[in-house]
Amino acid sequence: MKKKIVFGLSLLFLTLSCSKDFREVTPKGVISESSLATEEGVNLLLIGAYSMLDQMRTGINNDYYSTGDKFWFDIMSDDVHKGADNGDLAELFQLSNHNYQTNNPFIFDEWKGLYAGVNRANIVIAQAALVEGADLAPQIAEARFLRAHFNFNLTRAWRDVPLIDYTDLNDPNKPNDGPLWASIEEDFQFAIDNLPPTQAESGRANQWSAKAYLGKVYLYEHKYTEAAAILQDVINNGPYSLLPEYNDNFGEAGEAGPESVFAIQFQNDGGQSFNGNRSFLKPLAGGPLNTCCGFYQPTQDLANSFKTDESGLPLLDTYNQTDIKNDQGLPSFEADGVTPIPFVIYDGPVDPRLDFTVGRRDIDWNGFGRFPGAAWIRVQANGGPYVSKKFQYRAWDYDANRGQFGQFERPGIHYQIIRYADVLLMAAEAVIESESNLSVALDYVNRVRLRAKNSTYVPTIPGVNPTNYQIEPYPYFPNAEYARKAVRFERRLELATEGHRWFDLSRYGADYYVNTINTFFRNEARTIRGLENLTSPALPKHVILPIPLSAIDLSNNVLHQNTEWQ
Amino acid sequence: MRPSIYHYLKWRQIVPVIFLTLSHLMSFAQTQRVSGLVTGETDEPLVGISVRIKGGTVAASTDAKGTYTITAAPTDILLFSYIGYATQEIPVGSQSTLNVKLLPDMQTLEETIVIGYTTQSKKLTTGAMSQVNTKEALATPISNAGDALQGRASGVNVVTGGQPGSTPVIRIRGFGSTNDNGPLYIIDGMQITDGSVLAQINPNDIASMNVLKDASAAIYGARAANGVIIITTKTGIPNSKPTVSLNSYYGFQQVASKPELLNSEQLGEVFWQSYRNDGITPSHPQYGNGEFPVVPEYIRGNPSLPYDPVTNRLTRARTGNNWLDEIFHTGILQNYDLSIQGGGEKSRYLVSGGYQNREGIQLFTGFKRYSTRLNVETSATDHIRFGEHLSVSYSDVLAQNQVQGAIGSSPLIPNYDEGGNFAGAGPSTGAGLNNLITPLAQLSRGQDNFNRSWRILGDAYVEVDILKDLIAKSSFGISFTNNFAHTVVRQSPESPEPVRTTALNEIQSNTTSWVWSNTLRYNKTFGDHSISLLGGVEAVRENLRLSNVRIENFLLEDADYLILGTGANAPNIADSRWQENTLYSLFFNGEYAYKSRYLASFSIRRDESSRFAPGNNSGVFPSGSLGWILSEEDFLKNTPAISLLKLRASYGQLGNQSIPVPNPYTNIYEVNQEFSFYSIQNGTISTGSMLSALGNPNLHWERSQQLDIGFDLGLWNNRANLSVDLYNKETKDMIIASPLPSTAIDADAPYINTGKVSNKGIDVSLGYSNAPETVFKWDVSLNISAYKNRLESLNDNNPLAFLSGANFYNGIITRSSNGQPLSYYYGRDIIGIFQTSEEVAAAPSQGFVNPADGVGRFRYRDVDGNGVINDLDRTNLGNPHPDFVYGLNANLAYKSFHLTLFFQGSQGNEIYNFPKVYSDFGAFFNGDRSVRVLDAWTETNRDATLSKVGVSVKNNESAPNSYYVENGSYLRLKNLQLAYDFALPSLGVKNIQAYIQGTNLFTITKYEGMDPEAGATNGSDLTFGVDSGIFPLARTYTLGLNFSF
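In order, the protein sequences belong to chains A and B. Numbered per the working numbering, the first sequence spans residues 1 to 566. Numbered per the working numbering, the second sequence spans residues 1 to 1045.
If we strip away everything but chain B, and leave its shape as in the complex, we get (with noise of 0.2 Å):
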């Protein structure tokens, strides 16, 4: 489409266009002076675009009001050009104004993506990133913006939590250390690496997310690691009214599945069969001493005297107590976010303000958060730009799980006595009944609970215009966070161990980090050659203070009256901790295109933190990667079925030293009153002091360097698209804080530099929409992403080193040592279950005093093929490391209706289902047990799946062994929605959409745990893959309803 140029002529124009033009055609005869304004769609200037003479060598750019002045002959045409946008051609003629609207190309090629420190053409970038579209994302009922990662974008691994206001575990290509494997997050001019920044953003206010991948992450150099997730929150439109836009849901959300298990009549005569099999006549204080087990009326009081209070406690047992169906509920889910975009001549605004209330599935747990944002730009004078963003949140989590406690809670026990009070065990007239505190009372008691945050998040910025193409910016961002958290221990004189005192917790803490970066940058086209420089000075600080006060013994329990004050006991501060640390870095960045299709880019940068002593303080990442778009050569400029074809390799080197202490280097001590006090006189207390923890003055930088090769694939106007990346990612001298041995000091370990990991993968992504011209339209998109992850040497002295994963109360589940993935199950091997004494007897020995003793038990395979089956004969057990993640988007829309169903899932990982050891073997006797046991060896059911029930656990059943470890992979329907568009012009309402939306509608997995997506790390990647008993997930019923006008 051509603009009329008439269109853009007025009268009072014309006086100075003709003596302009008088004056050009005297001074040069046949040529003009052509000026004018480039705009873009929305009719923003659009700076830097190309303005050339077609065939001659005479050529201009606009500059950054989007004006450009150029020499012509009336004869001539004028090119206008910019990468992603539709190049156009414009006669001179007479005019000496000519304005141009630019549209942009094609959809994709329209992209510019943020990059450190400034934005690129999506054509021209030569790393390896994933966008994700943040419409599809953002469009389903998330909390946290990491949840929107999920499944969209290659190379990526989120694992996201049940539990309201927790933070997914975002992986990004692997595991690439032993460490801390969090990405850094850029949000806006903000650098941030704590994860949990993502739950105090609204979702809403974000404009764009993007992943840099491989080395072009290196310009953030000491932090880059694990690579950048760089997120730009939405601004507005200069020169257009005030948009506003209300979106809102509501919904509700329930438990997708929940385990079975045993009803309190199957679970007496799993009891009797256990005394049976272990040679003891069967009696128990519930269900009686006869040849069947007797499902008691009462539990506890005597039924034939009046309720008392204190020594009579009626309660009823009920049949079937489920605890698991208790602690559930039906959660309801809001949201309503309000926004005001626009902007004038000089200045783009956004303003918005959100409010999430999500209740959660178990009882007495949700979250809830308001958050606002404002973020405005303006051009103060031709040459000077400032902004700022800036997001105030608030939220409220109250956290709580008992899906172990529901497990090992009795199903005798009913929910309350009757008297209406918690009904539980009781001390000393309850037996047979566990010690635990039935999950609805504990569920109860931290109602009042609460974890108050409230962040400030933004940054303000000038760019100073100093030279034409030279732009100097500076950039000063801030994340302050308060929280306070507060935690009560209530009495529980229902409990066989029951709280006397009443106890409460208050942790308040001040996180404070600033980032200060001052950047020069210049870009210049010399004909065929662009370049592109950037250089840079950073200072970012980090600050924490923290104080956790415990006090017991409060009168009353009233949530109103539990203050730190009113407790009667001496407080106890319980952790105080004040923690800084500062990261100084230069860096440099280049970029270099030919001809707009070989490409060059070369980063450098020098870090030095405080965390490391000086000597080893400071490291120099450098990064380069080099472009070559086919698709622009002549040989396939004329393959129509072509639209973009370009190569791709990077490699570079990237730093990591995330360590959550700010000082590693040296040995920490502290007095304890907990742990180094004494009453070495008796009668007083003395002080005392004591190593905290150890340091390591030769700590330096962990490194790996990654290269990258892929390409881009569009065809057919890029209706279709595919990436690929290959990728080899190797990681050396990584910080380590490994277990110290069980014989050193009670210290914290020091960090280590050792070792060397590998990840190599690739990351696939195709899509494909059909013609745009059809009414019925759809898209598809699919990525899937693999690694390989190695720990390719630990310790180069002794090749057997390997390092342990957290202890649980049953011993080490995971182990990682060399040649095998990072966190594999390590135990015994199940190969069968002893069907006889001579089977038992033939077999290597497993600590049987009698063969007869074996019978019925799990025969462990002898590995090391010694005849002796001890703690040498385990072994590799799986890996909770997923032979590929994907995720599949499809959008189908026809005239106003449009449907998105995506689906996500892992596949080839196993997860290490701990609660076993509880509902399967019965680690707490009395309490409740998963339906499997239904299914243990007896005489008469020999192909069992589980070894023979028993009073206790013998032959090491609930140390780690391959019973536990399961299969994870899983697909899930993670989200489907249905929405209408429609318009109410008479109201002045330009658009609304109606829809109706479910998450995790189903999941096909062969996993027997609560949620296959069980990835909690506990803090150390270390023990990764292990389920403790996680908050399952929630399937989510929602309607929403967005308006703008």
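So here's chain A without its partners, still in its complex pose (with noise of 0.2 Å):
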């Protein structure tokens, strides 16, 4: 009896006894919050901030939906087709042709990337200030100067946007009562005032980059004499330079070269790269490198702009009365491997930046030889015959490049979210605006225009027509408008498919945007059948995006529609 007493007894004693350690579990694997209140800690966090530069975000739907590239804002502008099938992202089409409606999944992810963006940064900041005894003002600096660039591309998304703070981690609904421009200015001026003008690390902001990047904000909120100043800061006293070849900026050559101010440091690490390019829709379809998808086709009214007179000057207004001729329709160069079908190409003056810019037929591919046409192109019905080459796989440095998942490319060539040609240009852009001093605007033009003159073309295939390649500086600028003219035709030829397109056009205002969209539509309808009656017409609603509907739903309606587009 005792020992069955015992027994019982003992067996309640010991499950009774339960220690401390049974009853509470700790994390594995993971970073305490303690232990990241150093500066060690607030190191990691910040290259964390740095990895939502391509904006891929944990949980996002799809990789291409949030772009660190602004790839799908080209595609809403007149330089990119959506390209690839119709059918195919029927809601990256419906972005194209300016019928997309709030639910938009694009929008959505792009806005979470961003989001996300501002808040790994708002963490770095948060972790800094629990930090004491050491200097982590140049952290922070960084920190606020990633948190501004994605304030600043939400808001000249959308406009009105909330501003989220570093100690509003753990409530971050909050509503969209307008553009950050105060927040955007402070933190680069932060920036800029705590942080050295050169990094060792190439990726890392700067405080000349900081400046840049402060004139170009400035240049959005329409503040030409701010803009004009810091901007020509940085052409007199930073350390940038235009790069003696004008295709080195979109490969291996120009990465964290002279002309680069701020880029995204992609890089095609073995295995899933990560790090390459997680969105990137524009390889060929097929092709040399068999790749996927197709999409991003530049479009014929882009082609056309590179067309200049016999003085070598652009067409201001002209450029679209007639196309370049194009190989629409036609089977691709020895498609069925015996006849090659005859096709000659525009002998016209053209700007030697469009075969830099534009893949077309019978010209050199990034050095993978002839253009073959229709071969190379997803849907040429749908998308036109023009592919992308900037940013693009060359055969001279493909190797150092290439990262693959799956179907999808992830290269590892840095997207240049500022290059100095883009400096010359908004300061140009400035200087005609504050002061009309169009001989400094004329000077930084020209150094842009001088630059693409003297770059190596893009070698002629034998037994091709060579193309009459004729660029000239301009001789001056006879007044402000046409300076003007000159200036936002130049942004265009020389930042083609880099991603600023659709954004410039929407801060030359609402009548230039709508203007130009509908033009485009109606022109374009040359080369891509029936175009016209599968876009709506652009609206002045369009110059900014809806605030995305999950957003306003997930939000408890604490935030609004943008009024336009309610």
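Hint data in this document are derived by calculation from the structure and do not stem from the laboratory.
Calculated lysine-lysine pairs in the DSS-like style (CA-CA distance at most 30 Å, straight line):
(1) B:760 - B:732
(2) B:234 - B:65
(3) B:468 - B:65
(4) A:541 - A:485
(5) A:174 - B:732
(6) A:174 - B:756
The structure displayed is predicted, hence computed values, not measured ones.
Reassemble the complex: the two chains are provided individually, in unrelated frames, and hints are given to aid placement.
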């Protein structure tokens, strides 16, 4: 009997004595909040914030919905068609055609990616505040630079967006009361005041990149005087210069080079290339590297804009009256393996940057040889006869950059958020708008043009008629209106397919935007059949994006729709 | 029937009997000591049987071995009674040994029910429970024991899945939470919250399934708020010869119904109509550009050249490749179970082995399970018993679903090109065919994938009689699962977006959990009072380790070549986890019965969970219940028609702490190759870290309180019975991981306590069986369950607050807000189709650039009445909660023939048919369409159901709206079985049953999707009711043969 009682009691005792160790379980495989409140911890979180430059947040629905390189904003502009099959990514086609709705998934994931970035930067700032005995101002400055970058992208796309500060981590549901210009300026100013002029690591923000970025912000705010001052400071005193070869900006040669002011440093690490460009839908369909997916095709309108007159100047007003000859509807060169299809390439004068930007029939495509036409295009009838060339693989360096994941390419080609040519053109615009200093503007524009002129042109394929490349500096700007037009045109030529065009059109004003896009839809139908009926007319509301419907829903209606979109 | 007393008397016993009789006569004159053994129907000793002298006060009861001793006079009559057994009256006479065999009283009263930590006579229970007739339920060809609950247990909603190996969604009494609504499973001595365990238990091993629905579950406190399902497995019978049973069935299964799609000719016409509607001259890369679409003979390649696998695949277009026809086939289903059970004097045992192989109705899907079980119980001494249950099973699941792909693929694409390769649109040559890889190619390429699991599940216990009425028990249960999932992404050269490198994903995980329960039980009857007390201590620990490794770039694609080491690229650890949590509990339960008719019970449990921060980590959950058996009262006792009338009421608090993460109270930071590393220096990758989950130190138990009032009525010897329960269940401080605002960091949302949800409902079950002595026997049982689910409040500070469900490609479909049921559909309400531009102009503005654009398009209701239709005009479009669900089971027997019919249904629920975004609106323009588009609006078809077709989706038609919401009611013949019983004594076979059976033979429904049983929640009950292209249930035909000898 005693034994049995002892048995019973000892069982009870054993379980009653369950220790604190049993009842409390510490998390495994994670970093504690306290160990991150050190300089090392803040540095780790800062890398985590830079990692959001590509806007690949955890839980993203599709890698290509959110975009560090702004590729789908180009697709909304007159520079680029969506490409591929019309039914493939129908939501992107709707953006391209201006008949998208507030529930468009691209718009929502872009928004979420940018806010993830804002908050990653906020965490750095919040954690740095907990560290004692170390001067973390440089880290905070970099974080604030990044936050300003994300807030700038939010503001320029949606205008009325909520401000999420580092104290809002646990309560990020804030009303969208307006553009964040004040906060963006403040953050960049803090960065300018606290960052070193140069950094040992090429991807970090520094004082000069902060100044250039602040200049860009001023330009978007139409604060031309401030923009002119700070951009000219960068030009006159900063460490940047134009690369001798225009084309080096879009491949290995220009990475972290003197023209790169601030870039997303994509990297094609082995395995799954997590640090490659994961929203990259641009590559050829098939083609020399057998790539997927053939989105993002330059427009006929863009190709036409590279036409020049005999003196090597662009046709500012008349460029789109006739088309550069294309091979739309023609079978590919040697498509059947037997007969070459006769195609005579356009022999009028063109800016040499055409063939660094637009891949077209019978011209060398990035060192991979003769572009054959439809065979390397997903669906020519839908996307047109052209493919893109910038930030694409090049035959001479593709080994260094190619990253693959399933059907997708994740290349390690850096994307230039701001390059020095952009700084020159922004400065030109600022001096024209602020002080009508046409000669300084002329100088900046011509520096850009001369670099293009003096670059090595795309070599002619043997047996193909040579292209008539003509490019010359502007002799003078007769008046501010002409200068403005010339600078805007130059931005398009120099920076085409680099993610700027839609934002430029939008900041030039609703009238400019509506007129440009609707003219483009009309003209482009000459090349792509039925385009005018697939598209909806651009309206003034299209200069900003609607606040994503799901964002409003998730906010419990704390967010409200932008007035134009109500 | 009275046993013959003399039968038990053997001459060897006479001497001691005489001796004893004499001695008793000497000491007590007219009294004598009488002792004996009380056994049950199968000679098992019965414990706790009350032995009384009729008309007197002297009483005794049988001990653990079933023996009793009582002092009685020879003229006395002994009464042997026990709840559930027919009372026997035996005159003492001159005997001193009286062995008695008690026979069960009436069928329903014999039942004992396994409740928390012990068993109880069903008659004396005061809680609301649903016991499943396992004999009927498990006779159907199911893979997952959870399927057996469907329609058979009132108050339990079960939505089964068609995917072989899938786990049904089981919800007890509505949705008490917005978090995890899954019940707690008790399998013998083991507790598990992971519903997938039921896929790894052989249904044939199950002896009983009992569902605790109300506060009677409170003995399981912290984890009981969603109900408790108690499963006990079979065991042997002491002192019986081994019985060998072989159950087997073989059959096949097919898809029950398929939505109709357009053939390629019709699709071409729809394209032409789409172009014309949008003002575009018709022209399609495949259908030409004539006045009428022409179905092409070839979609790729040049038929005048010889076949070339690389440049010139010849791919003949077939008219009308219906991909839904191509992905379904007839699957073979087979199942064999062998069991041996029996027992010796002190022990009993069951050994079983089972094999099931179920081919899915979609190509290359299936489920295989091998299972074994060993259950042994033994009495080591008079006072010590021990036993164990052990099941080891292995399952192999191949899960794939291409329903959505079959709808989205072009009917022009054939299965194969002329070289025998999978056909596809091909890079840059097959325009107008969509970018999907064909569903056939997808399924075929996945055929070597697998998800293999070993699970060891069992418990061992020892039980010691410390005192006569005090029993201590210690039970240790374990569950160990090893899971190995192997998924290959193969190259797809025929695709317009080809995969160029082979990739392999391998997930290895080990899940271990153990439960150690120690209880003390005290049972005592004092005259009319009987009490039963139970106290216990319990510890639970759960542990998960998981690694998910992915490698790309393999030289070969042979299934046998693909192991992680043969991949060329650097390995990547896509996920790795190590999670642990513990639960430590003290509990007490007391039952009291007066005169076996006034019943009361009380439970209290204190739980301490590692999932919450110290300070919030403990919770106390009390409950109590009362019962009154009116039929035992004098005023009813003489009403022969009423055999049982019991009133019951219970009230209690229960908890819920089921959160899929172990440490929700603290922020979790991690280094993540994929999302926090960056190349800060050109050419290198730097390590970074990120916040991956937000914590909430204030998180505490979710609490629900439940009131239940019910009665049980049995008539005519319980041939007819009726049980009705009314309940009100309120959950407050719901634990929610509500999606974060879109302006938040990209971390997992914190779990918070908020809001209050109520479920009010009624469970009814009734049954009738005809007189047992007739040749033609029949019985029928019906159960109906209804609940009203309502989110009472979400956030007291913001009455307009709501919760959003999952974000679909076209936005958020479901919403949960104050005063509404959980997960209602939210979108625009269609009130018609515009017929003229005047009508458009006069109606509230829908944003058409000019009124003519609106003709033939949906007209939406102006919910806010402001004359503009926009996102603010979205409204509640219906919800997935049924008005009621029901099950009807009928058994008919004539001589050796048995016929079983089982109907099951759901009434009044709505389903959101998400695949319509593809099949009706052409979100993939070049994909196939439903035949519903033939009734789209045109000038000549003005009373259309669908707005006019177009090249792109306009007028917000792809966004959630009432067109997608359909009546989800259905009535289904779940099972029909015809069996014949016979014996072959010459071969020693005691019993043979042969049967034919069909399941899901017909369904009456208006739902137009694949299957109205579409309740998959995609992991969250906030998205309940959305059909995202589910794997439909199969129609099954089986032939079965059961032997025992």
